[in-house]
Amino acid sequence: MTVAQPPTTPAPPALELSKVVKSFGAVVALRSGTVTLEQGSIHALIGENGAGKSTLVKIIAGLYRRDAGTIKLRGEEVDFHSTAQSKAAGIAVIYQEPTLFPDLSVTENIFMGRQPTNRFGRIDRKAMRAEAQEIFARLGVSIDPDRITEGLSIADQQIIEIAKAISLDARVLIMDEPTAALSGVEVERLFAVARSLRDEGRALMFISHRFDEVFALCDTVTVMRDGSYIATEAISETSVDELVRQMVGRDVAELFPKLPAEIGDEVLVVEGLTRTGVFHDVSFSVRAGEIVGLAGLVGAGRSEVARAIFGVDPYESGRVTLAGTALPKGNPRVAMARGLALVPEDRRKQGLVLDESVSRNVTLAIRDSLATAGLITNRTENAAAAVWASRLEVKTASLDAETGTLSGGNQQKVVLGKWLATEPKVLIVDEPTRGIDVGTKSEVHRLLSELAQQGMAILMISSELPEVLGMADRVLVMREGWLTGEFPRSEATPETVMFAATADKEEAK
Amino acid sequence: MTATAPAPAPDTRTTRTYKTYSNPLWRRVLLTRESAVIGLLLVVIAVSLAVVPNFDSPLTVTYLLRDIAPILLIALPMTLIIITEEIDLSVASIVGLSSVMTGILTQAGLPFPVAAIAAILVGTVAGVINGFLVTVVGLPSLAVTIGTLALFRGIAVGLLGTTAVTEFPEFWSDLARDNIPGTPIPGIMIPFVVLAIAFAILLHFTPFGRSLYAIGLNKEAAAFSGVDVGRTKFLLFVMSGAVSGFAGVYFTLLYNNARGDNATGMELQVIAAVLLGGVSIFGGRGALHGVIAGVLLIGTLGSALRLAGVTSDIINVITGVLLVLSVVSASLLAWLRRRRISAIGKKKERELAAASSS
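Protein chains in written order, with our numbering: chain A, -16 to 492; chain B, 264 to 621.
From chain A, some residues computed to sit far from chain B (all C-beta separations above 10 Å):
#1 Q79
#2 R112
#3 L165
Partial list, derived from the structure: chain A residues whose beta carbon lies under 10 Å from chain B:
#4 R290
#5 R316
#6 A320
#7 R331
#8 N344
#9 D351
#10 R362
#11 A366
#12 K378
#13 A380
#14 A384
These are calculated hints, taken from the structure and not from any lab test. Yeah, the Cβ is synthetic: ideal placement off N, Cα and C, and Gly gets one too.
Using the sequences provided together with the hints, build the complete structure.
What follows is the structure in structure tokens.
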């Protein structure tokens, strides 16, 4: 583990966390959270999902209390018991999805809970409005302070949160993935605001998955991995490759064991799939032995496309062809019988019957083929379940344990086992590694790779860019219901994929 | 957990073996709600035999089984419906409608078997209407069957008014009342046992039965596993209508009486017995032997108390209390189990914390 020294400056750092620990029961979310925010500087915090960034932010915000470690604010040790204390100390956190009162005006939202009063103890609307206008002018944005908040874009809502922070004279601003839902122009405006705040001497922390943004905006960067501090570097002295290596702890190729597979014929062909308002004219194909990654932001319509193909959701026009024959609309039963399997996005709601046993869950999708003369018994179910549980190394006390008592990773293995038991030709996996531990994650990746090698066609929907880039032979990108990019493995880079996923349609085309 | 480096040779993995069950057989069989209901039934029978005069007479058995036969019959499809987290409140009205159809058609001069089959078909159509409204239109079954409860009853009463048909071919009414030769058991138990076995196989030993539990516990996951939730529920309502229609024919013959208000309120007796038998009103839990024991328990208790000279008001109170207790005990047991599981979790947490701090 390489630990670079943070750059030293004479002024005490605005905020300094050192070896902060937080665990939830047996799960350690944060092993050693260490980060230093200098005044008048923008600091990036990066790491994979589950690296502990959000936990760190919540500790700073006063939502969680740390188990160990120190937090220093301008050189003095502090301890926040509530969000109010953190706020009072001059720390403001701006989340991805701002939480404003939609029916109140912009001004009222900025001053919520601490409205200025006049001599008679009444709310001084004039002063409030004037200050709001003054802040917006300083930020260089034009938002009408009198309009109601409902209907404002996410970007504008974030600006209001920032305005709130400034009116509180927050010295430390934490922005947790603020750009995830913003368009290119909006990101630029946010960056302009962030730079002006930096130039006023405030300390900013910027959390993002997008390297281009980190390099464009930030002065220094801290990398986290598996809940631990890895390194802090000046932006000018590092590179994307270096950061990726630090984030994943090893080379991408090593983390995602992509095995060479023989690419065969097209097995799944999707043509012009459309459901108004959800996805439009989606066409692609998946070949035997091929892993096709489907990347994009959350809400781009990827899961909806997968569900429509499988038949649990409707679609208006278009055609799905499986192994040469057209698949009827809205009939998962036929899709399954023809060799299509879908490991859904939400394993707890869609993938599993949590109150039923591991055995029943593994055999639910193959219940018809397990029956002899129409009859099914616990014995045949248990035998089939044991095969798949051991093949996937599911950790469970017994086959009749309720699936809900298993850990997230093992639940995911049960879902995978359930669908692999149907011996599909085409496997669609939707966020196959979301919310599971790193060890299980690499097991899942290895499994998918092996299945492709055995000739299975795999469509992998994932919001984790390294996973998509590491596993896929070909990467498809969706944005707002449209397919906006297709890259062979050699051309798929974080930049090209992210651009297709976020750029305006006109730009991408 | 630290990431293990991906093993280059996948075949070095150890194959795990699994215990099929975490508890021994006797615990899985005896410590269930179904066994508790059966146990309670045996206790009630034993106590009644000891203290209630005339309870041990064969006539008691005959009358008891005759009277609860319609409930036993309808409880079979009702169990399946409640397991899928739906309900059918219109069953007693279908019994009434079927009874009236039997009477009118017999009075019109049709041969009795034809009238009976027509009545069963009418019941089936009533089930189709319920199923259509619940699965195709997508209304909640509680609301739909409250509506059809009134609708079917209204039609039944409207068709016959305050009159009743009381003339039925002797051969058929005798058949409905006769015992199995040489036993005190009424003949209606033969079709019941056949149906009970069919429903038990359907629920416990077929892929269809598996899908019912999945629907009751998680509709969405069931649909994602290729279960046609709508079609399945539709079939259940049709079955319920058909069995209720059959029960209506039996009811008519048993009392030699076709009236619009026959079997009024029986839906609640059926549902009470099903819940007492261990079927969860929230769906996904329950077994048919428990339900049968539940019906027998309510029937036996009522019969014994009547023989002991207890008035019907008190009997109602006792059955009501029993039902409330059974529902409360189910929730209580579930709560205790959750507490036990979370206590185990906390113990593990403490152990881990102790291990990591030392």
